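> As a plain string of letters, each chain reads:
There are 2 protein chains.
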Amino acid sequence: MAEKSLYNYRVEPQNVDFTLRATLASLGTAVLNTAGVDAHNKGFGVDILHADNHSWILSRMAMEIDRRPQQYADYTVATWINEYGRLLSTRNFTLCDTAGHEFGRAVTQWAMLDLKNRTAVDLSHVGDAHADAIVDCPSPTEKPRKIRTVAPTLHAEHRIVYSDIDFNRHVNTMRYIEMMCDLLPLERLTSPAPVRLDIHFLHESRYGQTLSIGCEERDREALFEIGTDDGTIAVRACLAWK
Amino acid sequence: MAEKSLYNYRVEPQNVDFTLRATLASLGTAVLNTAGVDAHNKGFGVDILHADNHSWILSRMAMEIDRRPQQYADYTVATWINEYGRLLSTRNFTLCDTAGHEFGRAVTQWAMLDLKNRTAVDLSHVGDAHADAIVDCPSPTEKPRKIRTVAPTLHAEHRIVYSDIDFNRHVNTMRYIEMMCDLLPLERLTSPAPVRLDIHFLHESRYGQTLSIGCEERDREALFEIGTDDGTIAVRACLAWK
Numbered sequence: 003m004a005e006k007s008l009y010n011y012r013v014e015p016q017n018v019d020f021t022l023r024a025t026l027a028s029l030g031t032a033v034l035n036t037a038g039v040d041a042h043n044k045g046f047g048v049d050i051l052h053a054d055n056h057s058w059i060l061s062r063m064a065m066e067i068d069r070r071p072q073q074y075a076d077y078t079v080a081t082w083i084n085e086y087g088r089l090l091s092t093r094n095f096t097l098c099d100t101a102g103h104e105f106g107r108a109v110t111q112w113a114m115l116d117l118k119n120r121t122a123v124d125l126s127h128v129g130d131a132h133a134d135a136i137v138d139c140p141s142p143t144e145k146p147r148k149i150r151t152v153a154p155t156l157h158a159e160h161r162i163v164y165s166d167i168d169f170n171r172h173v174n175t176m177r178y179i180e181m182m183c184d185l186l187p188l189e190r191l192t193s194p195a196p197v198r199l200d201i202h203f204l205h206e207s208r209y210g211q212t213l214s215i216g217c218e219e220r221d222r223e224a225l226f227e228i229g230t231d232d233g234t235i236a237v238r239a240c241l242a243w244k
Numbered sequence: 003m004a005e006k007s008l009y010n011y012r013v014e015p016q017n018v019d020f021t022l023r024a025t026l027a028s029l030g031t032a033v034l035n036t037a038g039v040d041a042h043n044k045g046f047g048v049d050i051l052h053a054d055n056h057s058w059i060l061s062r063m064a065m066e067i068d069r070r071p072q073q074y075a076d077y078t079v080a081t082w083i084n085e086y087g088r089l090l091s092t093r094n095f096t097l098c099d100t101a102g103h104e105f106g107r108a109v110t111q112w113a114m115l116d117l118k119n120r121t122a123v124d125l126s127h128v129g130d131a132h133a134d135a136i137v138d139c140p141s142p143t144e145k146p147r148k149i150r151t152v153a154p155t156l157h158a159e160h161r162i163v164y165s166d167i168d169f170n171r172h173v174n175t176m177r178y179i180e181m182m183c184d185l186l187p188l189e190r191l192t193s194p195a196p197v198r199l200d201i202h203f204l205h206e207s208r209y210g211q212t213l214s215i216g217c218e219e220r221d222r223e224a225l226f227e228i229g230t231d232d233g234t235i236a237v238r239a240c241l242a243w244k
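Chain order of the listed sequences is A and B. Be aware that the first sequence starts at 3, since it is given in this note's numbering, and climbs by one per residue. Be aware that the second sequence starts at 3, since it is given in this note's numbering, and climbs by one per residue.
Worth flagging that the hints you see were computed from the coordinates, not collected in a lab. Don't take each hint at face value.
Here are a few chain B residues that sit away from chain A, every Cβ distance over 12 Å (derived from the structure) [stated by the list, open to error]:
| hint | residue |
| --- | --- |
| 1 | R23 |
| 2 | V48 |
| 3 | D54 |
| 4 | V152 |
| 5 | D166 |
| 6 | H172 |
| 7 | D184 |
| 8 | G210 |
| 9 | G216 |
Below, a sample of chain B positions facing chain A; criterion: calculated Cβ distance under 10 Å [stated by the list, open to error]:
| hint | residue |
| --- | --- |
| 10 | L34 |
| 11 | V128 |
| 12 | V163 |
| 13 | R177 |
| 14 | L185 |
| 15 | S193 |
Model, not experiment: these values are computed from the prediction. Idealized CB from N, CA, C, for every residue including glycine.
Modelling step: build the complete structure from the supplied sequences, incorporating the hints.
The following block contains the structure:
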């Protein structure tokens, strides 16, 4: 049985907004980087999987941030895998400041994609092969919630450009979070209230496509739906403030 | 007389494009972060200056990248100040891989702004006060070149949103570089040819304004002009490939 792994980060100037606190997108990026580096260190990173024409694909993510750390603050991300389902593996995270106080946590669910026929790989055998990477510790919060329908009242369009795309030529997760945040008023984004993000990745979106970003504002929630110009829903998400 | 200061970086997944090499914007960000951290460490960072209602403002930057490092590569940025003019101080950089081979370099010129009346501070006395921070070593390449006129043939518009702005509520430098790159064809952006960027910051642009980005494509050059909706030119720049 494995232990949680720890990775250290610092809030760099490009990670903060004008309140000098780390943005949600930058904290989400640190969480996803941690997943990539930890999988790499344990021998099942994207680099190794590519040799078999497989890749990890983020399917759902939940992230809770109680308070956003200040510029130049050091923090530690702990990560552990605690479950392999048939189609999704669950990787967990906690974010702690240098005094050891937890200020955030995340639960991510990953599918393994067969790049040749673009189908999900059955993870049953992978779970056995990676059994010694599993940590017997529950997820630090509720798993990503389903978001079924969104009735947008705010809209934006965005043509996918070079700076948006990752190594797969798909829009990277940070950009999706930024596109959603950019539809909201500054007062909401800079509110000190704890926030929870649930995000589902339904379809890939690619260089050259135009995205439509819709937002339904509720009392202490904002729901999002991002679609491509061929009518496919790429992402649904919810931001909820306490 | 001071020595050059060294800062270590790693090419993280969010810093690469689909060729798995660091983007120009991410290398530019590392250079500017280095400036901020080094000024902070030496006691004349923006945090200290703000107490006197002053701030450093980047006026011009030249950056040459011979080859873009790969994802997860470690590299070192060396920085030193070698000149205080009356209005501009010059801070230099070299970028080296772990074998010590230089793969990039930059020269930046900074003004000190009086935040109360928005005028440039005479740096003559600052140069004396900071004399022990000056390193007697020439700039590693030609200083930023003037870009006088641009005749754009390609255009884009961009409304300035939350994710674009820095601690001053101005568009951050990385975003300007991204907006320019995003107008160019992928083949040009991913070419292995060494590239030089010259960029001049003429006026600030702020949250809520709409930018128009113009590009004049030449044989092995692209000239850029970014203006705000009140008709002011905010930035002129040139990318040149060897």
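> Now tell me, hint by hint, if it's right for this structure.
Status of each hint after checking the structure:
1. R23: violated, 10 Å
2. V48: violated, 9 Å
3. D54: holds, 18 Å
4. V152: Given that every Cβ of chain A is farther than 12 Å from that of V152/B, nearest at about 20 Å, it holds.
5. D166: Check fails; 8 Å does not lie beyond 12 Å.
6. H172: The claim is violated: H172/B sits with its nearest Cβ about 9 Å from chain A, within 12 Å.
7. D184: violated, 4 Å
8. G210: violated, 10 Å
9. G216: Given a closest Cβ separation of 16 Å, the condition holds.
10. L34: It holds, given that the least Cβ distance between L34/B and chain A is near 8 Å, below 10 Å.
11. V128: violated, 22 Å
12. V163: This hint holds: V163/B lies near chain A, its Cβ roughly 4 Å from the closest one there, short of 10 Å.
13. R177: holds, 9 Å
14. L185: At 8 Å from the nearest chain A Cβ, L185/B passes the 10 Å test, so the hint holds.
15. S193: Hint on S193/B: violated, closest Cβ of chain A at ~13 Å, above 10 Å.
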